[in-house]
Amino acid sequence: MKVHKLASSAKTQWLMFGRDPNKPDKIIDTNQYLLRAGQRALLMDPGGIELFAPMLAAVLREVSLEELTDLFASHQDPDIISSLGLWDQALPEATLHSPWLWEGFIRHFGMNNITYNPIADTGGVINLGGVEIEMVPAHYLHSSGNFHIYDPHAKVLMSGDVGAALEDINAPMEVDNFDQHIPKMRKFHQRWMPSNRAKLDWINRVRQMDIDIMAPQHGRIFTGDNIQRFLDWFEGLEVGVAVS
Amino acid sequence: MAKTETYVLAAKIAAHLHYATKVAEQLSLTAKNAHAVSARAGQQASGFRAITSFIEDLASTTITQASLISNNAVNISMLATNRERTNRALQHFLKVRRSAHDAAHIQSIDGPTAITQKQLRQLDEAFRDQLWQLELQLEETQQQIRAAAIISSTSKVEASQAGSFKPQLEVIATNIANAADQIKQHLQSAQQLLVEATDDLHHHY
Ligand SMILES: [Fe+2]
Ligand SMILES: [Fe+2]
Chain A
1 MKVHKLASSA KTQWLMFGRD PNKPDKIIDT NQYLLRAGQR ALLMDPGGIE
51 LFAPMLAAVL REVSLEELTD LFASHQDPDI ISSLGLWDQA LPEATLHSPW
101 LWEGFIRHFG MNNITYNPIA DTGGVINLGG VEIEMVPAHY LHSSGNFHIY
151 DPHAKVLMSG DVGAALEDIN APMEVDNFDQ HIPKMRKFHQ RWMPSNRAKL
201 DWINRVRQMD IDIMAPQHGR IFTGDNIQRF LDWFEGLEVG VAVS
Chain B
245 MAKTETYVLA AKIAAHLHYA TKVAEQLSLT AKNAHAVSAR AGQQASGFRA
295 ITSFIEDLAS TTITQASLIS NNAVNISMLA TNRERTNRAL QHFLKVRRSA
345 HDAAHIQSID GPTAITQKQL RQLDEAFRDQ LWQLELQLEE TQQQIRAAAI
395 ISSTSKVEAS QAGSFKPQLE VIATNIANAA DQIKQHLQSA QQLLVEATDD
445 LHHHY
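Heads up: the sequence lines are chains A and B, in that order.
So in this note's numbering, spot 42 of the first sequence is number 42, and the numbers just go up one at a time.
Going from the second sequence to this note's numbering is simple: count from 1 and add 244.
Hints were generated in silico from the structure; no laboratory data involved.
Some hints here could point you the wrong way.
Said to hold, decoys possible - Below 27 Å or equal to it, Euclidean Cα-Cα: the simulated DSS-like pairs (lysine-lysine) are:
no.	chain 1	residue 1	chain 2	residue 2
1	A	Lys155	A	Lys26
2	B	Lys428	A	Lys23
3	A	Lys26	B	Lys339
4	A	Lys11	A	Lys184
5	A	Lys2	B	Lys339
6	B	Lys266	B	Lys276
7	A	Lys155	A	Lys23
8	B	Lys339	A	Lys5
9	A	Lys11	A	Lys155
10	B	Lys276	B	Lys362
What the hints assert, rightly or not - Have a look at the derived ranges for each label pair, beta carbon to beta carbon:
no.	chain 1	residue 1	chain 2	residue 2	range
11	B	Gln366	A	Gly104	26 to 34 Å
12	B	Leu364	A	Glu66	18 to 26 Å
13	A	Phe105	B	Thr398	44 to 52 Å
14	B	Asp354	A	Asn177	45 to 53 Å
15	A	Asp212	B	Thr248	31 to 39 Å
16	A	Asp25	B	Gln429	26 to 34 Å
17	A	Glu66	B	Val439	25 to 33 Å
18	A	Gly224	B	Leu364	48 to 56 Å
Quick reminder that beta carbons are idealized off the backbone N, C-alpha and C, glycines included.
Work out the full structure: start from the sequences and follow the hints.
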């Protein structure tokens, strides 16, 4: 499991984990994000059951389990949170922030100890010892109950499956040439994202936000002008194509 | 042969008990029918009638017991599933302890590891206890079915003395014998699986 220092502010530090060289071939590569704020840490989209041991090992290089107080699952997918049953044993005191819509489903991954914080449709805030992190609605992108994480301090938007690309395990962490990156994203967004209306609603809200880094759950991160380029490209992309 | 997981064995035991319950329900109907026929046969079948009441009682006890045991076996399967999951977490923790021994915060896995080990011991104790209960319950039911087998051979003798009702009652006696035999088979299969599950437990430790 590779670790990459993503961003930092006076209050928060971001780490990105992924590109695990020991990952079994047929499972999709995922990025996991860890946000530290003082003595607290938040792990976002902790990943699948297959990745639990390498993730736990990687996390313990950065924070102690006592500091890892919060988990976030943007939606219910197995590549997001099927490791829950194991985290539940490692972090019995932790809170999982996840869409209210999926609580009854996500609990099927096994949750005896962790507390479930059901995020309302309008979003919410995670308070990490006084440092507030926003949970931004991203419904139907792609899941019917779906959120992203926005850190206003470091200006990072963790955008879940939005901006995802299917990449080689050795791909760089960051998008360098946007046009060359498009083919790696197009099919993913056309097929997985079901709603043009939801897409536009999200784009309009995100355009109002101050973002330095957009960090998806698969593939590379977007920085600088590439964020704008992504929003423009996504706006023009017809999604929900499987029925047309 | 690959080792069958305990939760699968317990689920199989539950299935056998479920079938035993179904056969016992059938047996109960047969006994009620036999009771009606022997009542109509009057004096010629008085011996047979006495037996049918016994079979009716036995069938209803078997239904109750077998469904209770079946539920217990499902609980054992859930316990074994839980054990499997807890153990999986433990194995992951131990693996990380070895592979990331140089990680700055590696010692923070020791707390969860100790708790998980303790939970595993508690699960094992509960598990051992419940397997033992299951063994007793199965043996008890099996004894009753053995009694039923003896009774059903008596019922054949009684049927042969029931005059014009003889053919009808003989069919019923055969049905009773078959049902008892089927229940016995299911209980035996369950007992064999239980031996396998118990052996498994001893191998673990
Ligand atoms: Fe997804
Ligand atoms: Fe995903």
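Earlier hints that do not hold, by number: Numbers 1, 2, 4, 7, 10, 13, 15, 16 and 17, in rising order.
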